[in-house]
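Asker: One letter stands for each residue in the lines below.
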Amino acid sequence: MKKILLGISIVIALLLLPHVAYAMHITEGILPPKWVIFWFVLVIPFVVIGTFRLKKKKKVVPGFLPLVGLVGAAVFVFSCFPIPVIGLNGMATAHPAGTGMSAVLLGPFVSVVIAGIALFIQALFLAHGGLTTLGVNIFSMGVLGSFSGYFAFRLAQRMGLKLFWCGFIAGVVSDLCTYMGTSIGLGLLVFEGDESFSVAMMHSAKAMLEIFVVFMATSQGPLCIAEGIVVGFALSYVYKVRPSILYNLRVIKEQ
Amino acid sequence: MEILKHVVMDHFAQRRNWLTNIEVRVKLFYIGIGLVLNILSNDITLPLLFFVTSLILLMTIKVSFLTLGLRMMMPFLFGIFIMIIMGLHKGETVVLSGTLFGYELAFKKEGLQIGLLLFTKVAGGVMLMLLLSFTTTITKICMAARWMKMPETLIEVLSFVYRYLFLLIEETETMMSSQRSRLGYVTWFKTIKSFGSLGGMLIIRSITRAESAHVAMVSRGYDGGRVLTVQLNPLVRSDYALFLSCGVLLTFLSYLGFFW
Amino acid sequence: MFKIKAEELTHKYPDGTQALNGANIDVRGGEFLAILGANGSGKTTLLKHFNGLLKPVSGSVILDNKTLSVFKPSDVFRKVGMVFQDPNDQLIAPTVEEDVAFGPTNLGLSYDEIMSRVNTALELVKMKEFAKKAIHALSYGQSKRICIAGILAMEPEVLILDEPTSGLDPDGVKTVMKILNDLNKKQGITIILATNSVDLVPVHADRVAIMDKGIVVQEGTPESIFTDSEKLNSLKLELPQIAQLMELLRDKEKLPINPLPLTIGQARQELAHLFSREDNVLHTGSTLPA
Amino acid sequence: MFKIKAEELTHKYPDGTQALNGANIDVRGGEFLAILGANGSGKTTLLKHFNGLLKPVSGSVILDNKTLSVFKPSDVFRKVGMVFQDPNDQLIAPTVEEDVAFGPTNLGLSYDEIMSRVNTALELVKMKEFAKKAIHALSYGQSKRICIAGILAMEPEVLILDEPTSGLDPDGVKTVMKILNDLNKKQGITIILATNSVDLVPVHADRVAIMDKGIVVQEGTPESIFTDSEKLNSLKLELPQIAQLMELLRDKEKLPINPLPLTIGQARQELAHLFSREDNVLHTGSTLPA
Ligand SMILES: Nc1ncnc2c1ncn2[C@@H]1O[C@H](COP(=O)(O)OP(=O)(O)OP(=O)(O)O)[C@@H](O)[C@H]1O
Ligand SMILES: Nc1ncnc2c1ncn2[C@@H]1O[C@H](COP(=O)(O)OP(=O)(O)OP(=O)(O)O)[C@@H](O)[C@H]1O
Ligand SMILES: [Mg+2]
Ligand SMILES: [Mg+2]
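Just so you know, the sequences run in chain order D, F, L and Y.
Heads up, the final residue of the first sequence is numbered 255 in this note's numbering, and it's a clean run with no missing numbers.
Heads up, the final residue of the second sequence is numbered 260 in this note's numbering, and it's a clean run with no missing numbers.
Heads up, the final residue of the third sequence is numbered 290 in this note's numbering, and it's a clean run with no missing numbers.
Heads up, the final residue of the fourth sequence is numbered 290 in this note's numbering, and it's a clean run with no missing numbers.
So here's chain D without its partners, still in its complex pose (with noise of 0.2 Å):
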């Protein structure tokens, strides 16, 4: 009766899972009060620096605003394509994260920012992750996502590799870093104060490495793959037609 009943749990998971991947982001009323304060106290500086930095560029180069404005909705829409990707519950659709693509093209601090906005109206229009969790959602997609993915990048291109190799490992990598800054946000919910530091550590340590497993075993592992080559592909694609654009946001340099 057991086995039936949890046999059925089991399958409904499965069937459920991609669908919450899918989400990506950490519901509104998830985070108890604490983790709010946590995570906003974590990301604020972050924003904090975006913000100044935009500001000052703003100064230096006056399009700069519509510029960021205009990425910013491109990345945007970008995160929303429907990329076929083949998981544990057969051929599905998922969304590429978008931020390794706003860290490469205008650096992490400024992709912070423009995560942000971008979860402030997705959480509203789409009523994907909340209001509350904005911050936890910063960390995982703004911060982790822009700062793995503007280094990796930057470290591929160090390393003389093609651009499309360079757009490949900043999109993978970017994409892992946001599924894994989820999936601790939601592993430290199970981190009890009333245990000893190192007992409740362990135990989140486990949600979360369950949650991440799980999360890259239904679509998003073949996910990272494909963000990665359509990053590749995207940035090839505008050196091949417009490389100034590239020159001018210094993502490569001219020749």
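It should be emphasised that the hints constitute simulated quantities derived from the structure, not laboratory data.
Check each hint, because a few of them may be wrong.
[Said to hold, decoys possible] Dumping the calculated DSSO-like pairs for lysine-lysine here, alpha-carbon to alpha-carbon at most 27 Å: (1) Y:K132 x F:K149; (2) Y:K126 x Y:K174; (3) L:K133 x L:K174; (4) Y:K174 x L:K252; (5) F:K190 x L:K55; (6) F:K90 x D:K206; (7) D:K253 x D:K162; (8) Y:K126 x L:K231; (9) Y:K213 x L:K126; (10) F:K190 x L:K133; (11) D:K59 x D:K253; (12) L:K3 x L:K79.
Note that the structure is predicted; figures quoted are calculated from it, not measured.
Given chain D, work out where chains F, L and Y with the ligands should sit, using these hints.
Answerer: Frame of chain D; chains F, L and Y with the ligands shown alone:
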């Protein structure tokens, strides 16, 4: 793009009805307090109350169940997911157990209870958020944010994103259609490749648009100053009355022992 | 026989806009159909149903006697090619040649076949010497022609164009329309074209359909459609310039003009004819004041 | 007196395209000037020099008898307003009201003054009730009007428009041109308009300039410009439809038409006149065959 087509639309907020007419600061204040109380609450009554009240309010402005259902789907699934996680990780009393691929799994009663609470919080919180987004345009939120002295730059970027989002969605759709009509999406690899060039075109598009938008801004006298100027009307007596009634409501609720 | 046909098509966009309200239209094989209508009347929406880019909420599209939904999408795209309004939305590859080859490549043709199709298509639009050029170095009119070539390379039976002449200079308009006319008359390709320029319609189209608020409110030969300026004005359209002049002459100057000439050629004939007839009429007692 | 004037303007884009090659044009205060020219002939480039968006490589723009370069940019923008072709490039704020207020704000006006200008401008283009609407919820024709309102709110003395009617349905074209005509005739605003629709020009413009390969090759009244279809065709332009018909009647049917009527009104008059004259002529021995 389906996802965008179905839900990124603020036409409900563009309509005129009694909820959209409420002063945006009042609305933000209420929703803000609601969201905070929602995550503070220790039992399921308050979240459920929020869920039902918001639902009823949304019904009064004729938002269809289908629309709401579409938007609630994702959060609900997330709620179930979180219930499973909690069930697996919190508490002592095992109600169900077994192995999956050799991995020990055990659902516990306390955890499931916490999970259920979280689930109702998701329902309540998301419904509150929808109440806000179905009745308030981003522009109004921008205005309120400026009134609250949020950094001007952030608000300006937000308004740019909002302004051009719809246009880019539409253009992307046309580009995708023309790729599709030349069979750009027939195999997996071609699909990915087509998405790649679509992404590339999108970047180029957005950057040339940004250039021409900047040119237009300059020709209208822009030199790094403000982009948004229209201000909110000052708060009037009825707005204060609404603020005040919130205080009364809170006292009443706390008198009933809702918060502790 | 009908090549393609819309039956009671309705379409509602996700935001609730009811863009089509039961549109009916038949297109015969080999004909040149022009669709007119005010901004927002549903022209683009209707066209997108013809090659299955949009799915009807109710009603159906019939292609070669079968509903569109029974075709594989790739077969539909092969039979029905669509050229969008903005060429920038449509040119996807970095060079002209690659772009025109994009469709045929996806059909899985051999390299030689692809190249021969690319050449033929470029020749048809008179852009052969631009094969190696980069897309972004083309002028507006040139990119428009490459769009058409890209679709022609898939050898469609029906060619659908959404405002192919907007933004082009008069010479560009002439060239594009000439190309379409040749494709229609010489290659027998069925052409469906949505446009806002009423002046072009009577010169090129065999038949005209007028859309308003998501339905086809009128259809027929240009001669039967362009008879009454008031009716057209209520649909936010107008008579072609020439027809406006002739209508004035008929109604205000009481000249015996019937039917209303729509093109420069027709008007010239009619007027020449009138002048010559005046000869006879006048002698038997004209009433026109000196 | 000349309001604004281009003297031997040359311009080279950073990629090496020589878009202007010594263009000369004078615009009188209060006049309505139309600029015609093939795609790529340099119309947009020239217009962008008039309000200082582009700096000439050589030559100069004279505004109110002073070179443009001595003005502060903000003063130029106050005097010369420009409406771009694509409304989506021009409308940058999220709502109608915010967008129209954008220009006045940058002029440093007081809040009340800004709001009163916004109201007046929206009234002029008949869009008052749309003040609170989101830009993305407007139709094409509506956004075009908001573009014009946004510039009007800056109360310019010169209004420059780049293809203001492309993509509009006939009714929209009429509305926009009516607004421009009113601004020109009633408010005395100088209007410079680049367009591809030759049919509009004789009806509205006082004067026409034709551009080709970066220079102004012809200028004058519509009557003096639209005389010879061959010359125009070589510039990738054509006569207005009506003029084409009249030219045919004159040259092929040997009707005594002179000068060439360009608008429907003129043609109607001329033809009515001809018909009545036939009376007399015919009696004295016409040569037209029956
Ligand atoms: N993607 C969309 N989402 C929502 N509404 C849309 C969309 N596309 C078009 N519409 C609406 O549907 C109606 C018909 O639009 P459509 O584009 O078919 O008109 P059209 O006849 O092609 O006009 P135009 O002459 O301006 O091109 C319009 O009211 C338009 O606003
Ligand atoms: N930003 C630019 N960079 C490089 N070349 C350009 C740029 N803008 C225009 N050109 C080139 O300069 C020339 C003149 O262009 P312009 O846009 O002024 O023509 P136009 O007369 O406005 O044409 P249309 O009728 O197509 O609008 C063209 O050859 C064009 O390709
Ligand atoms: Mg259309
Ligand atoms: Mg131009």
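Asker: Hints first: check each against the structure and report whether it holds.
Answerer: Evaluated hints:
1. A threshold of 27 Å between alpha carbons decides the hint, and for K132 (chain Y) with K149 (chain F) the separation of about 23 Å falls inside it, so the pair holds.
2. Between K126 (chain Y) and K174 (chain Y), the direct Cα distance comes to roughly 14 Å. Compliance with the 27 Å bound is thereby established for this hinted pair.
3. Only pairs whose Cα atoms come within 27 Å are accepted, and K133 (chain L) paired with K174 (chain L) is accepted, the gap being roughly 23 Å.
4. Distance hint between K174 (chain Y) and K252 (chain L) is fulfilled; the C-alpha atoms sit about 22 Å from each other, no more than 27 Å.
5. About 23 Å separates the Cα atoms of K190 (chain F) and K55 (chain L), which keeps this hinted pair within 27 Å; it holds.
6. Of the supplied pair hints, the one linking K90 (chain F) and K206 (chain D) holds, its CA atoms being roughly 12 Å apart against a limit of 27 Å.
7. Distance restraint check for K253 (chain D) and K162 (chain D): the Cα-Cα separation of roughly 13 Å lies within the 27 Å cut-off, and the hinted pair is therefore satisfied.
8. This hinted pair checks out: K126 (chain Y) and K231 (chain L) have alpha carbons roughly 24 Å apart, not beyond 27 Å.
9. In summary, the hint linking K213 (chain Y) to K126 (chain L) is supported, as the alpha carbons are separated by about 22 Å, within the 27 Å threshold.
10. With a C-alpha separation of about 24 Å, the suggested pair K190 (chain F) and K133 (chain L) falls inside the 27 Å cut-off, and the hint holds.
11. A C-alpha spacing of about 24 Å is found between K59 (chain D) and K253 (chain D), which places the hinted pair at or below 27 Å, so the restraint holds.
12. For the given pair, K3 (chain L) sits about 11 Å from K79 (chain L) by alpha-carbon distance, which is consistent with the 27 Å threshold.
Checked against the numbered hints given earlier, the structure satisfies every one of them.
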